[in-house]
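For chain A, the structure is supplied; the task is to place chain B on it using the hints.
Protein sequence lines correspond, in order, to chains A and B. Plus 554 on top of the position in the first sequence (first one is 1) and you've got my numbering. Plus 554 on top of the position in the second sequence (first one is 1) and you've got my numbering.
Honestly, I wouldn't trust all of these hints.
Pairs count within a copy or across copies, as identical chains cannot be separated in the list.
What the hints assert, rightly or not - No more than 25 Å apart at the CA atoms, straight line, and that leaves these computed lysine-lysine pairs for BS3-like: (1) K831 to K747; (2) K590 to K818; (3) K710 to K590.
The set of hints was computed from the structure by calculation and includes no laboratory data.
Protein chains: 2
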Amino acid sequence: MRHTTQEKEEYIVPLDEIEIINYAKRFFTRATGGHKVALGIGDDCASLRPAAGHEVLVSTDTLAEAVHFLRDLSAPEDIGAKSVHTAVSDIAAMGGRPLALLLSINLHEADRGWIGAYLRGAGKAAREVGAPIVGGNVSAAAALSFTVTALGEVKKGFRVDRSGARPGDAVYITGHPGESALGLDLLTERKSKYTPSQKRLIHRHILPTPRLEWGRMLAERQIPSAMIDVSDGVTLDFRRMIQASGAGGRIWLDKIPISEDARKVIGKNSRESVLQKMVTGGEDYELLFTVRPAREARLERLIKTGKIEATRIGDITGEKGKLEIFGKEGKKVDFKVEGWLHS
Amino acid sequence: MRHTTQEKEEYIVPLDEIEIINYAKRFFTRATGGHKVALGIGDDCASLRPAAGHEVLVSTDTLAEAVHFLRDLSAPEDIGAKSVHTAVSDIAAMGGRPLALLLSINLHEADRGWIGAYLRGAGKAAREVGAPIVGGNVSAAAALSFTVTALGEVKKGFRVDRSGARPGDAVYITGHPGESALGLDLLTERKSKYTPSQKRLIHRHILPTPRLEWGRMLAERQIPSAMIDVSDGVTLDFRRMIQASGAGGRIWLDKIPISEDARKVIGKNSRESVLQKMVTGGEDYELLFTVRPAREARLERLIKTGKIEATRIGDITGEKGKLEIFGKEGKKVDFKVEGWLHS
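Chain A on its own, in the form it takes in the complex (with noise of 0.2 Å):
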């Protein structure tokens, strides 16, 4: 409910609720139907029925114009489903299963073709991470922005926290992190044109991958002592890690992996601190995760039979709070910014 017609007359949009409903209804219910959701879009709550002997997670996350996306850098289609993807990862980082989508829309300034696209995004990707849309919010704002909330579920006794790493345990991330930060610095440069390792990198930022399947199969084999999805940089989300362990922890520059692509882009820049700059930006959704010396076994078998793509690349210590950085020659580093706040 708005305050007076006067006050409200700066926020009007060509677009009401219950189109923009109607609309969603449209393209999310043919990703609704699973058994487990009970009710869907359309009454006063969405109702799910998780699997006996599970508990249910539920995560939320935000995008917000011109702090988390630029309406001239992204299309909606893809800021629609990064809010998707970015929602989900958290359940990824839990060891679940996603279960539904909620989303809540702030409209601001937005006409029929955007919010469409958006919509057409967030429901396609919906799909493929198989979690129905099944409600939200839609309200008038004084700025664009969009709220996820992902409900997912884990077997008791499976779930993966942050808090579970322990002085010996070994440290790995998965995929290739940092490409999320160099495709942001190629996007801002605004080029005409971009070589096909500039695209994909960009495309990284763009629309990171959430790791569901590989959370999913660590967490069933009970591999994972801890484990926490890199939204904010690899250095910060790692911090968090420790300390919600009581523990310390280590990393080594040298053997953060680099891919083909980013090697390309990175070129003659000093190699140190564009790994800096890698482990420090944000958005890569790639899983941090520690392993106890005897499941490292297990996890090895699992990179060498390609089953997933993971690099051991530090370790926990004893030393309470202690985050070490190691560069060249095994020589420590110290970063002015850890990684990236409010994200």
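Relative to chain A, chain B alone:
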């Protein structure tokens, strides 16, 4: 993750995510500890253990500055409480019990004191409704808003949807709808002094009560055939109910219950125009529900023994989608606006 230092400059607030999370933990951990919360604030997800044989209800609601609240008209504690109350009202409308809440804050030009007071209000309300705040998100944004996601549980077979109304059902409303609209009018007059009656109506706007106990009691006794909470006005939410039910409906304005305080405030104003305002004004969060003839006696007993305040205001007809409002001497009333949108 933000785009560049330059672009984000104007959105900087004197609070960062970690500070707010730490602050929130202080307020909110006292609310946690229910055996149904397996994991609270501080990890990638929260994790819940709903009771066996129950479905999981979920709903989300946003309060945006300048649209749903004005900082000079509402205290931050009240905005905090209201953002919790409006979210759990949707759980009440399904006959459910709140389990937990997620709070997402879009930060914009809010200082420590204001946000601290907001969090205190939200935390207190969360404790009062028995639903701990188990997680959320903090993001910089170009406008201040709060999105609360409420999770609840309801025993299988006892959920009350809005779609179950059938011709011949009686239509009931709890409490006194329209008091929030009268209160908002009084509030926007910005008087320096208000009478006690005026103050109570203003309070009904500033902090509406979610009807959790009534909703659950009705559902447990299987009294309602359909139920919805009135967020956007009795007429608009009644229309939503009859549309979802594939039925029609009638309301008699002179059946709308009017409290002594409201009577004093209305004074000599034309009763019918005030009543129209009262049934189209939003944010009552009363429960609008329908009852099969065979169950009405059961409900009337609850009303007589003071277990619930509810009044019969209309009935359900077979004319699909047709909503009729009757005023003085049974004359039909045509409304220009049925209720509030974008809320």
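At 25 Å max between alpha carbons, let me know whether K710 reaches K590 within a copy, between copies, both or neither.
Cα proximity of K710 and K590: in one copy and across copies (17 Å, 13 Å).
Under a CA distance limit of 25 Å, which applies to K831 and K747: within one copy, between copies, both, or neither?
Within one copy only: 24 Å inside, 59 Å across.
When no copy is named, should K590 and K818 be tagged within, between, both, or neither for a Cα gap of at most 25 Å?
Neither: 46 Å inside a chain and 51 Å across chains, both beyond 25 Å.
Comparing the model with each earlier hint shows a violation of hint 2 alone; every other hint is respected.
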